[in-house]
Every structure is written in C-alpha cells, then in structure tokens.
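Number of protein chains: 6
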Amino acid sequence: MTTRSILFTTLALNFMCIAFTFDTTPLQDFCVADATNKASCKDPSKVTPNDFSFSGLHLPGNTSNLYGVSVTTVSSTTVPGLNGLGLTFMRADMAPNGFFPPHFHSRATELVVVLEGSMEVGFITSYPQYKYFSKVLNKGDVFVVPVGLVHNVRNVFKGNTVAMVAFNSQNPGITNIPNAVFAAKPAVDTDYLSKAFKLDKKIVDDLKKKF
Amino acid sequence: MTTRSILFTTLALNFMCIAFTFDTTPLQDFCVADATNKASCKDPSKVTPNDFSFSGLHLPGNTSNLYGVSVTTVSSTTVPGLNGLGLTFMRADMAPNGFFPPHFHSRATELVVVLEGSMEVGFITSYPQYKYFSKVLNKGDVFVVPVGLVHNVRNVFKGNTVAMVAFNSQNPGITNIPNAVFAAKPAVDTDYLSKAFKLDKKIVDDLKKKF
Amino acid sequence: MTTRSILFTTLALNFMCIAFTFDTTPLQDFCVADATNKASCKDPSKVTPNDFSFSGLHLPGNTSNLYGVSVTTVSSTTVPGLNGLGLTFMRADMAPNGFFPPHFHSRATELVVVLEGSMEVGFITSYPQYKYFSKVLNKGDVFVVPVGLVHNVRNVFKGNTVAMVAFNSQNPGITNIPNAVFAAKPAVDTDYLSKAFKLDKKIVDDLKKKF
Amino acid sequence: MTTRSILFTTLALNFMCIAFTFDTTPLQDFCVADATNKASCKDPSKVTPNDFSFSGLHLPGNTSNLYGVSVTTVSSTTVPGLNGLGLTFMRADMAPNGFFPPHFHSRATELVVVLEGSMEVGFITSYPQYKYFSKVLNKGDVFVVPVGLVHNVRNVFKGNTVAMVAFNSQNPGITNIPNAVFAAKPAVDTDYLSKAFKLDKKIVDDLKKKF
Amino acid sequence: MTTRSILFTTLALNFMCIAFTFDTTPLQDFCVADATNKASCKDPSKVTPNDFSFSGLHLPGNTSNLYGVSVTTVSSTTVPGLNGLGLTFMRADMAPNGFFPPHFHSRATELVVVLEGSMEVGFITSYPQYKYFSKVLNKGDVFVVPVGLVHNVRNVFKGNTVAMVAFNSQNPGITNIPNAVFAAKPAVDTDYLSKAFKLDKKIVDDLKKKF
Amino acid sequence: MTTRSILFTTLALNFMCIAFTFDTTPLQDFCVADATNKASCKDPSKVTPNDFSFSGLHLPGNTSNLYGVSVTTVSSTTVPGLNGLGLTFMRADMAPNGFFPPHFHSRATELVVVLEGSMEVGFITSYPQYKYFSKVLNKGDVFVVPVGLVHNVRNVFKGNTVAMVAFNSQNPGITNIPNAVFAAKPAVDTDYLSKAFKLDKKIVDDLKKKF
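Residue numbers (our numbering), protein chains in the order written: chain X, 1 to 211; chain E, 1 to 211; chain P, 1 to 211; chain Y, 1 to 211; chain D, 1 to 211; chain G, 1 to 211.
Do not rely on the hints blindly, as some may be mistaken.
Pairs involving identical chains hold if they fit within one copy or between any two copies, as the list cannot separate such chains.
As the list claims (entries may be wrong) - Restricting the straight-line Cα-Cα distance to at most 25 Å, the calculated cross-link-like pairs of lysine to any residue (SDA-like) are:
(1) Lys198 <-> Gly68
(2) Lys185 <-> Glu116
(3) Lys195 <-> Asp205
(4) Lys135 <-> Asn50
(5) Lys139 <-> Pro60
(6) Lys208 <-> Leu57
(7) Lys208 <-> Ser53
(8) Lys198 <-> His58
(9) Lys46 <-> Leu115
(10) Lys209 <-> Thr190
(11) Lys158 <-> Asp51
(12) Lys46 <-> Asn62
(13) Lys210 <-> Pro60
(14) Lys131 <-> Asp191
(15) Lys195 <-> Phe211
(16) Lys210 <-> Ser70
(17) Lys209 <-> Asn138
I should point out that these hints are in silico values taken from the structure, not numbers from a laboratory.
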C-alpha cells in the first residue's frame, strides 16, 4: 500500500459481512404536493388521477447541446402525487458521441435499462478504493449504480441510445464532477485545484473559463 | 355516512397537512448477495460488473397462461448487487385481454411506464375511503401507485401491451386478493367468506375450487 | 408449481436468513397535535396531562350494525399527545356472530389480546404464497398479525367477545377487501372483476349494489 | 432562570414547530426468531400459528415481592413471531401500595390502559425542563408516556390494579433509576453520588447496601 | 437471581447476536433553519457560509456555578445550517471538583475526547442489568457513551479539564436524574420517592428543597 | 440559464420548504464488534470499558507525505463499542501547505473544529447548482459540511493546523475526486475523460500516470 492509500483509507470500514436492508413507508396513502402551499398536502377531495400521471416518455429529448444528451424526468416536481413516495424516473437520450460527465447522486441508487442503442456505464467504489465496475449495455440490458458512487455514462452506439432510469428517492440529487470542481461560484482557489489535480495553474484557469 | 363507514373509519387519521418524506442509505458502497452464505456479503475482491447487471428486458415474456400476462423481474434474486439498495424493476407483458387481478404491494410504491399498447391501471385508497383513482395509459404514459394500496391492471389494447415497472424496495411483496382470499392453505372458513363477501356458500366453495 | 404460481412469484424474494429490526425515535420529547394548526406542535406551555389520556375503554361499543362489531380507537386523533409517537390502541367488541371482513393494515403490525369470549383470527402470507396462519383465541390469549398481511377476524363465542388491540403506527391504515373491491367510487369495471374473481358478471353487479 | 437551568439547557432545542412522524417496515412478511440460530430466521415451512401466539394474560402475576408488582411480558423472547415487528406487550399487576420505581425506556413509547383498580402515572419531560405530567387513571383510562422520559407508576387503589401496556419496540429497554444509580456493579463512587444527590456520604453508602 | 432482578428483567431481550446499523439522510443538500418561520427552510439564495459556522470553541466557559462545569454548544440553535443534519457538538469545561450529575440523552450516542486534564466517565447499562463501564480519561483519550444510558462525569484533575463532545442527533435531549426526580414541577409525591429510593420522607422533602 | 444548466437541473427538486429531520436508534444498549465473528456481537460478559475507548488523539499524526496531511480515526474499526452507534471521530493534522483534495462522504455530515492554526474549508452544493460555501477557520472555529457534498480543505497557516472532526455515521465513506476519476482500476477511458474535463488526451494520460 502506498503512502496515498494509507492516508485516505482511514475512514474506510473493514468490509462488513452482514447483508442489511430495510424499507420505510410514508404515514398516509399519499400526500400530493400542493403547488400553492408547499407546507401542506393538496386537499384530498381535489386530488385526481392526473396527479399521479405523466405523458410523453416515448418522445425523444432534444440532444442538440454540448453533451449530446437529454433527460426527461418524472419526479414529484412533474408528478405531484410522487411526493413522499421515494421514487424518481427518467428517460435519457444520447446522440452519437453523447455522454454524461462523471457525476454522483447523493441520495439514490440508480437502475438503468437500455431500450435502444448501446451505452457504457461504470461506477467507481469508495471502498475497496477506486475499483471501476463498468459494462457496455445493449438493448434490454440493465445495470445498477449504488447510491453515492461516482459514475460515467456514454453512448457507444453509432446512432441514438435511449434508456429508462429509476431512482429510489424523491430527490436523488446530482453533482457533476467537472462542474462542481471548476465551475463553482464563487470559484475554488486555482492554487488548490492545481495541486489537487496535478495540473498547471494555467490549465486550471483555462478550465474555469471553459466550464 | 352509513353505519358501515362509521364502523371502519375509526382507524383513519385526519388527513395530515405536512408533506413528509425521507431517504435511507446502506452503510457500505454495496453488499452483493452471496449465493452460498446468505448471512454475508460476497467477498468484494470477487465482485464483478456482472453482479450489477441483467440481460433480456427487451424480450417479450410468455403470456400463454390463464391471465395472459408475464413479468420479468430484476431484483436482488436475479441481480445480487441490488441487495440492500432498495430497488426492484420489472418488465410486464400483457396479451390482448390479459390482466393482473386486484393486488397490493406491502413494501413499495410502483411506477409504471407504457412502452407499447394501452393499459388501464387504478388504485383504491384506504383513506379517503375506497376512492378509485384510475387511468388509461397509452405509449409513453406513466402512472404511480402508492405503497400498500389495492390496484387493478388490465390490457385495453387490441394487441400486446408492454410496460416497465419500478419499485422502491428490494422486496415489494405481492398479495393477489382473489388468491389470498379463496386459495389460502389451509382454507379460510366458508361461512366467514360467505358473510364477508355476501356470496352464497355454494359460490364460495366453488371459488375455493377454482383458485 | 402451476402456471399461476410461477407467474406471481417473480416478486418474491428468496427467504432472507438474517433477522433484521430497528427502531426510530422522534426528535423531541413530544409534539402534541394542535387542533387549530396542523402544521405545528401545540405550545408546550399549554400542554396538559389530558393531552396524553383517554377514558372509556372499559365500556362496550355499540355492535348494532351489519357486522355486529365495534371499535373504540385511541389514536392521535383522540389523544393529541400520541402524535409522532408511533402507537395506536383499540378496544374491539364483537357480538355473537360478529366479524371483521378480510382486511389489511399497510402501516402497522397488530397485536390482539382477548379479554372476554373467544375469537378466531388468521393472516395470509404473501410469501410463502398464501399460507394461512390462524388460531382460536380464548380469554388471555394473544396473537400477532404482521404488517401488511390480509387477516380475518370473527367471534366464535356464544356471547360477546372483547379484545384489546395495539398497533405500532400512528396511522395503521385499513383496507377492507370486499369494500375496496366492490364498493370503490368510481366503481371498478365489472368485466375485470368478473374475470379476476371468476364470478358471473351478474353476481359482480349484484355485489356492487350490496356493498 | 437560575444558574442551574442555564447550565443544563444548552442541549435543549428551541421547540420545533413541525409535527413529524414516520413508520418503518421489515423487508419480509415475518422473520420468526430461531431458537437454535440467532443469526437466521426460522425455516418458514416450520413456522406455525403458535409462533405468533401467547396464553395467560388473564392470569394475575405474583406480586409477593418488595415492590408489590408483577409484569407478564409478550415479546419476541416469548413470541418468536414478534421478531422484527416492533411491538412489545405486557400485563402489569400491582398489589395495594405496589409501585414501579422511577424508570425510563430508551427505545419505546408506552401506552397503558387500566383494566381494574386505580393507578397514578406521570412522566417528567427533558424539555421543557422537568415538567411533571401525571394523572390518576381509573378503570378504562389510558395514558401515554413518550419514549425516553422518566416516569413514575404506583397503585392508588385499595385493592389490586391491573393494566395492559403496549410498547412500540421489540426491545423497549428499562432503566430503573434507583438501581442504576445505587446498585450498579462495579459501584459508582460514593463521593460523586453524594454531591450529585446532595446526600450525606453515609446515606449514599447505606443506599448502596439497600439496593 | 434475586426477586428484584426477576421482576425487572422481563423487558430485557435475549442478547441479539447480529450487528445492525444503518444511516439516514435528509432529502436536500441542506435546510437552514429560518429564524422567522420555523416551518420552512431559509431561502437558499440568502444562505451564507456563516449559517454553517460557529466561533469561540477555544474559549473556556464560565464554571462559577454549583457544579463547577460549563458547556458551549454547537447545535442547530446556534448554527442554523446544522438543521436536519443529525449532529450536535459541544465543549465542556470542568473546574477542579466539577462534575455533571448522573444523566442520559434519549436521542444520541456521545463521544468525548479530552483536550486537557483528566476526567472519569462511566455509563450504566440497562441490559445486562446495571453494569458500570467507566474509565479515567487523560489528554487525548476518547470514550463512547451509547444512546439512552445513564452516565456519570467528573473532573479528577487538580486543574481544569476540557473536553470536546460529539452527539449524533440534532437534539440529543438531556435528563439530569437528580433534577428530574427531585425538582420536577409539580413535585412528585414524597411517599412514592421515599419508598422508591429507600430514603426517609424527611430527607426526600429536604432534597426537594435543595434541588 | 444556459444549455448546460437546463440539461442537468432536471433532477433537482424545487426547494422544499419544510425542515425535516429524524433520529434512529439501535435495538440494544450496544453491540460490540466481535473481531472473530463479524456476524455477531461480542459476548456482553466479555465487554470491557476498553471496548469503548481510544487513546492518543493528542498526538500529531505523521504529515510526511505528498499531501502534507494526516488523519487519526476513531471508528468502529478502532473502537469496537462504536459498532452500530452512528458516529465516527477524527483528528486531522495539516503541515504548512498541506491539503485534502476535493472529496465527499456519501454517508455522513461532517463537523470540523480547529484546535490550532488556520484552514480553509468549503463545500459545493448540488442544488442550488454549484454554489461554493467556504470559510477560513481559525482557532476555535467550527464549520459544517452537509452529507454528500464535494468539499475542499487546506491549511492556510504558516505552521501546522490541527482539527477535530465528527461524522454522524459509523462508515462515512470517502471518495477523493482526483483519485476516483484518474486512478480508478481498471482505468476510465481517456477519450471520455478528455471530453468530460475538456482536457487534451495527452494531459489525461499524464494524469492517469501521476495518480
């Protein structure tokens, strides 16, 4: 083990040997988010089936952007009946060469299923340290990214790739690594980033402008 | 309010007015289910990307059965890396006239998205008492069924209907109402079922044989 | 295993071998429900011992109804100090031939103790599929119904039966199966129910009127 | 506010104004405690209704002891099917002048209902500091003691008092204050106890012998 | 086992053999407590780094009081950004002969590290019954007090002792045993306390005045 | 809002307006980790006060490494009595110019208090997107880093800086961003990293060698 790994493993637990899982449940059948009063549930006599539904997940998103990707999200923001129920769902479209930069979700495990095309997806563990578990997924393939781990996603198909994605949280959260590091406002100190990423200060300043 | 509703509303809470949700997380990056020792996680040095993947969700299931339906399930049983991560996923196929009998999942909210065809889905609340929230879903439509509520699902398309379904539990559980009532072993008393369902005893005995 | 059981076991987990339990606690000593502002706790300087008490559980309920039963409930609705503390309590009275139709509580395990008379109580598991665990309880007997399972309850005594019932939730929820299926508003489709319950459409229409 | 109260209120939160509650659920229908292997659930094919039942709660306990009280407990120790389901139940008998010394349960809220006689029960809050909420309960009366608060219980009836008690935990835990303070092994330092309780050292030493 | 221990062990579980732990997470990055509206989070555009910071933990507290101790607390009351994040921190100062009376925290495990001086700290278990785990801590020593257990703390150094203390709850709660027992308002009955603590009524009345 | 921000905000929830927090508790007083059998708690009769203690947190760590920092960790690995209690504690030493690269903890909020020197610490939110909350901390200053957010830490003092750090999890987890991105094994694709970080492939290959 090198100096570096000694240094940073101190927070890592000996691998626990007991499988442990649990569920939690809300206290009511539902609590539909009320657009006019975020502190309360919508009056149940005014709740309708539409509060639990969403349309258009068969439609491709617009991938005309720098990343060549698009996401259409079904969450409590778009489906108020999902409030408090611990689920978010998403359609992802990736144009040829499209990709999602390295990112992580603090609050949800992600399950992805490919409907069309091929994509590469992989996650990096915190312990064991920095092992990369990746796979190329084709049509009908599924992959799981455990909560809180950095993962990479890119289209490896000549055409568009379409995937459905499920998260087990009402608000998974997303931190894109390059943006968080180089595009934070106010900016993170250039010296610090230069040393941390072993990059010239000039390159760091450059990256700050690009992001 | 009739006698009946007075009688059975006593357990129903005044509708709470505060939205409440929360997340929980496992204590490790992952704990892959170990086929040979259910009390422990798989040795992490032997974990591979395949422990987090599944193939074949693009393939139609076999609907040649009494219900004309089929489910292909992605759970910790088939994807050991899902163990402890609080998600189950499923592909459902329904032949013309296919249906799922009234059922409920004790431990998960369900989100369904239609990929092909049209299906009707609806759930019945416990409070307000026995309101039915249903909708016909077409291609690209999504519907949410809150945890623990009885719901009905049937194909209303002339051809096959295909849906993807996400659950926020490692083990949602399923109780099909007709089976639980009429096919339990040992059998539930005929007199009791006759009175509870307001059916002739002869019909109840008949149902017990059918299920 | 028949086609039916293959079809519906896909959501059932291999039986897990590790006992797992946990507790949760509120963040304060108490938060008495405030009748005038559901979004806040009652001003603690105005809280009194009466906020934590209830009287009359020694009194028989009125069982002059179709089911011949009555419940008197101690919950956060009647005892505001119970708010947030995860408990509901109940006295149940059953006249001769009185019964509770098949029902389930989505959010609580139930423990029943018989004070007088004799009752039969039984629950049906979701996995293993549809096993019926039932017992006749006499004076001083206790029975436990795990959370989320359908259960049947009936008086089997020539006189009245009285029981005390504890639930580990502030809002257990109750779905009476016959009512949810046949008395939902708007009504569930007759064709669907006819096929699901293997009953003539005429009988289903009849049941819809009866419930 | 005196010096003392300033000193010890620093850990007390401003009273929060949002009612907050939640439920949790196990991951399986049940996990019956296995007497021979505490790390696993009992083989479900060997589980019987008796695993969920208990008899004798109508029988008075033996109160011939220093406290004049007795408890008969229904827990996962005596009812293995309760394992993981978050409930404990108890019958308490108190002879004339019987009492339970000041104690608290770390892991459960307690709900008590009086079946016979009269008892006084009261709890002391941590915040607001040391307010005493007490009440004399007669037949049919119910009182709630929030989790983690010190409470006092005594018979105030000329005859026996009988109560049923529900806890929302599989293992409520009990710390009797006088025993924890004066009967701990190894013993707590006499000087310290003398100063803390403002008692002569001789009295403290005496108490250590008595308990 | 004596009569006493038989009597009070009925709530104690057979010692469970499976290590079980879990984490929980908030649903957002943060929810800074809003001083003007306790039911809502502070507008995130107005949140500043100061909402997450505190100054002065290097300063000795004023120990000129009856106990010769002082605590400086970092909690969501003083650091609004801590709201919902499950942590409280504290500096404790103890003058020579200073001590904290026996007390417990209902909602948090406590970890103490000594920066200067020497202190004795010990906790008493509820099960096994009333075992005392204590230790004299010197500079750089750490000790852990599990949630909900009565513990004793006193300076055993000739000079001041300084410690840092971490709690894993936003609101640990504190019940000082002598105060809860003898200084509750309204007062607990003297007869009851006399019998429970095996003290003369006169001494109990005296203690009520002292506290 | 630019294309980029539109693209990646879809997972971000409208900022919720209700403060929500909760605690959880273990089911036993303690479950000391057993070195010889990770699936069980240590026999309680063999548990000693040493199982709850640790020594040496007053000693500086060795900062003679590339980062000029050191951490000494008090966790369930080094203090077996911490098992299941939801706390980790740490002493951090930073030599002049020492720093911790950008990293995050998936499972714990972090509270840091400076004992000596001065350090800069800052975290970047996921929503609002990439806001940087940072502060220079001097002796006695405290700062809080919410769970799951990327944060930067560096010594800004001419001498050593020493801090104590508390986490509210038994296993906070740590992902150092530069290592996870550039030192994962097997390596992440250079093309992908080059596009994601807007760096020349040559520089990416170079970084892979450096880390």
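Hints and how they fare:
1. In this assembly of identical chains, Lys198 and Gly68 lie within 25 Å of each other by CA distance solely across copies; the values are 15 Å between and 29 Å within a copy.
2. Taking the shortest alpha-carbon separations for Lys185 and Glu116, neither the intra-copy value of 37 Å nor the inter-copy value of 29 Å comes in at or below 25 Å.
3. In this homomeric assembly, Lys195 and Asp205 come within 25 Å of each other (Cα to Cα) both inside a single copy, at 13 Å, and across copies, at 17 Å.
4. Taking identical chains as interchangeable, the C-alpha atoms of Lys135 and Asn50 lie at most 25 Å apart only when they sit on different chains, with a minimum of 8 Å there against 38 Å within one chain.
5. Taking identical chains as interchangeable, the C-alpha atoms of Lys139 and Pro60 lie at most 25 Å apart whether they share a chain (16 Å) or sit on different chains (13 Å).
6. Taking CA atoms no more than 25 Å apart as the test, Lys208 paired with Leu57 passes in neither setting, with 35 Å inside one copy and 36 Å between copies.
7. Taking the shortest Cα distances, Lys208 and Ser53 never come within 25 Å of each other, neither inside one copy (41 Å) nor across copies (27 Å).
8. Within a single copy, Lys198 and His58 get their C-alpha atoms no closer than 44 Å, and across copies no closer than 32 Å, so neither meets the 25 Å cut-off.
9. With identical chains, the CA atoms of Lys46 and Leu115 are never at most 25 Å apart, being 36 Å at best within one copy and 30 Å at best between copies.
10. Taking the shortest Cα distances, Lys209 and Thr190 sit within 25 Å of each other both inside one copy (12 Å) and across copies (22 Å).
11. Proximity of Lys158 and Asp51 under a CA criterion of 25 Å is satisfied in neither setting, with 38 Å inside one chain copy and 27 Å between copies.
12. In the homo-oligomer, the alpha carbons of Lys46 and Asn62 never lie at most 25 Å apart, since the shortest distance is 34 Å inside one protomer and 34 Å across protomers.
13. Taking the shortest Cα distances, Lys210 and Pro60 never come within 25 Å of each other, neither inside one copy (28 Å) nor across copies (41 Å).
14. For the homomeric pair Lys131 and Asp191, the shortest alpha-carbon distance between copies (19 Å) is at most 25 Å, but the shortest distance inside one copy (28 Å) is not.
15. For the identical chains of this complex, Lys195 and Phe211 are neighbours both inside a copy (19 Å) and across copies (12 Å), given an alpha-carbon limit of 25 Å.
16. In this assembly of identical chains, the alpha carbons of Lys210 and Ser70 lie at most 25 Å apart only when taken from the same copy (21 Å versus 34 Å across copies).
17. In this assembly of identical chains, Lys209 and Asn138 lie within 25 Å of each other by CA distance neither inside one copy nor across copies; the values are 36 Å within and 31 Å between.
Hint violations for this structure: numbers 2, 6, 7, 8, 9, 11, 12, 13 and 17, all remaining hints satisfied.
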